[in-house]
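Peer 1: The whole structure should be built from the sequences, with the hints applied where relevant.
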Amino acid sequence: MDSDEILRRIQRARSWAEREEGVWKERTERPDDSDPAASREADMRRYAYEAVRKVLDEIVRPGAHDGG
1 MDSDEILRRI QRARSWAERE EGVWKERTER PDDSDPAASR EADMRRYAYE AVRKVLDEIV
61 RPGAHDGG
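Each step along the sequence shown adds one to the number in UniProt numbering, with nothing skipped, and position 63 is 63.
Hints are not guaranteed to be accurate.
[Claimed, not checked] Computed Cβ-Cβ distance ranges for the label pairs, DEER-style:
| no. | residue 1 | residue 2 | range |
| --- | --- | --- | --- |
| 1 | Asp4 | Pro36 | 42 to 50 Å |
| 2 | Ser34 | Ala64 | 36 to 44 Å |
| 3 | Arg9 | Glu41 | 26 to 34 Å |
| 4 | Pro31 | Met1 | 24 to 32 Å |
If you are wondering where the hints come from, they were derived from the structure by calculation, not from laboratory data.
The C-beta atom is built at its ideal place from N, Cα and C for all residues, glycine as well.
Peer 2: Next comes the structure, spelled out in structure tokens:
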């Protein structure tokens with residue numbers, strides 16, 4: 001596997017993590033007073049996918065998240 005293929009795979013994984021982050025963000029923004037545990041789970045998943053996306057950003061673009 002060459003470096004171009006590795007980069008493509010990282011970018012594909014980053015896009016997937018971004019989509020999943022959006023899915024779980026939508027779920028956290030929908031109020032569901034009947035199941036607070038589900039809301040907490042959605043929040044945790046959202047932040048997990050956000051962390052994955054940011055790590056992959058840093059691999060592809062070092063310094064992408066400096067200063068924040």
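Peer 1: Take the hints in turn and mark each one as holding or not.
Peer 2: Here's how the hints hold up against the structure:
1. Asp4 - Pro36: 42 to 50 Å: holds (46 Å)
2. Ser34 - Ala64: 36 to 44 Å: holds (39 Å)
3. Arg9 - Glu41: 26 to 34 Å: holds (28 Å)
4. Pro31 - Met1: 24 to 32 Å: violated (45 Å)
Comparing the model with each earlier hint shows a violation of hint 4 alone; every other hint is respected.
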